[in-house]
Amino acid sequence: MPGKRVLILSEGFGSGHTQAACALAAGLKKMNPEIRPKVLELGSLLNPKLAPRVQSAYRMTVNSSPTLVGRLYRKNYDKPVSRLTRLALHKLFYHHAAAVIGRLNPELIVCTHPIPGAVMSRLKAAGMNIPLFMLITDYDAHSSWISPGVDRYFVSTPDVRSVLIRRGVPPEAIEVSGIPVHPEFWLRRDKASVREELGIQNMPTVLVMGGGWGMLFSDELISRLSAWKERIQFVCCVGSNDKLAARLRSHAALRHPNITVLGYTREISKWMDACDLLITKPGGMTCTEGLAKGIPMLFFASLPGQEEKNRDYFVKIGRGRELSSAKLLDTWFGEISTGPKSGSVSSSKHALHPDFSLYQPDSCARNIAGLLDCDYL
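So the sequence shown is numbered by my numbering: it starts at 1 and just counts up by one.
Hints listed in this document are in silico derivations from the structure and should not be mistaken for laboratory results.
The reader is advised that the hints may include incorrect statements.
Mimicking EDC-like on lysine to aspartate or glutamate, the simulated pairs with C-alpha atoms at most 20 Å apart in a straight line are [to be verified]:
no.	residue 1	residue 2
1	191	267
2	243	230
3	4	172
4	309	330
5	229	151
6	270	220
Here are the simulated distance ranges between beta carbons [what the hints assert, rightly or not]:
no.	residue 1	residue 2	range
7	203	242	48 to 56 Å
8	220	188	25 to 33 Å
9	328	105	50 to 58 Å
10	250	143	16 to 24 Å
11	5	318	13 to 21 Å
12	227	158	36 to 44 Å
13	267	370	16 to 24 Å
14	256	143	30 to 38 Å
15	315	219	19 to 27 Å
Heads up, the beta-carbon is just placed ideally off N, CA and C, and yes, glycines get one too.
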């Protein structure tokens, strides 16, 4: 049935959750232009003064105390959000949520973050009669994703499905759909032509990404990039971290025609098409976009918790390696700069053997669009 209103709820703790929400919205529109998706970071909308402070505190904790973040993740790994916590979230952020839902009148709600999922679940217990889907945006499932009012879960892998089943979620309520990426990532473009479009050289290219907050670069990494800048072209994307972008652009070792520093950009799909290797933190969305583009990945400085789980999954399926030493970095740089197949690490010790059948980038949007067209709603 065309014209369905879909409300996709996220929160701004990191960029990946909202990125997944926007990717799903774009994918649904591509599948059926008459579907009307709307993306909201509901806490920021309903409490614009408090929400940015909470998100800033979270960001500072991630930067300064990643071990603490990992400890809390593991401690609460098997503990679902309690009724008291849902009530507190409702009072702090969502006390006007029912009015927003009533005004928008969606026929389906999809949550890409556990907090709005928990609060929507509470509203369902109070009588809200709208199907509620949860889209898990990592390659693991913390118990906070599980809420009693969720009608269906969309997960990245069969392993995540098994985790949910072990915690009591009915198997028929779980669909392995993969994490959605924007339709721009559904296709791969010719490297030479996209490099020309972006104004960079047609030569071996490495994309270095620091996540949405630009949290990647170290003195050791800068030193290794500088050492290879005559033979390899580097594109360093730091996201919204304007201070880091300015520091890198002024760094003497990085002042070279073969080194480009990017801030926030909406053209990551093109930059991924242009590159032969991706060095990144293993955030769920960035890794999924790299998977969709077929790029080998090196994982740097994984945060304890979900990023470690993401890294382990992509290493297991042969799509990436943990960047454990500068020596390994030199090995990869040497092979993409001289190897017979640009972008492949061909030696038996470092070879990647990915199974591309594990992921279809349009699957999540296609499956949800299909449910919108059937008698599910």
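Outcome of the hint check:
no. : hint                  : in the structure
1   : 191 x 267             : holds (14 Å)
2   : 243 x 230             : violated (26 Å)
3   : 4 x 172               : violated (23 Å)
4   : 309 x 330             : violated (25 Å)
5   : 229 x 151             : violated (52 Å)
6   : 270 x 220             : violated (27 Å)
7   : 203 x 242: 48 to 56 Å : violated (28 Å)
8   : 220 x 188: 25 to 33 Å : holds (32 Å)
9   : 328 x 105: 50 to 58 Å : holds (54 Å)
10  : 250 x 143: 16 to 24 Å : violated (45 Å)
11  : 5 x 318: 13 to 21 Å   : violated (41 Å)
12  : 227 x 158: 36 to 44 Å : holds (41 Å)
13  : 267 x 370: 16 to 24 Å : violated (30 Å)
14  : 256 x 143: 30 to 38 Å : violated (47 Å)
15  : 315 x 219: 19 to 27 Å : holds (26 Å)
Violated hints, listed in ascending order, are 2, 3, 4, 5, 6, 7, 10, 11, 13, 14; each of the other numbered hints is respected by the structure.
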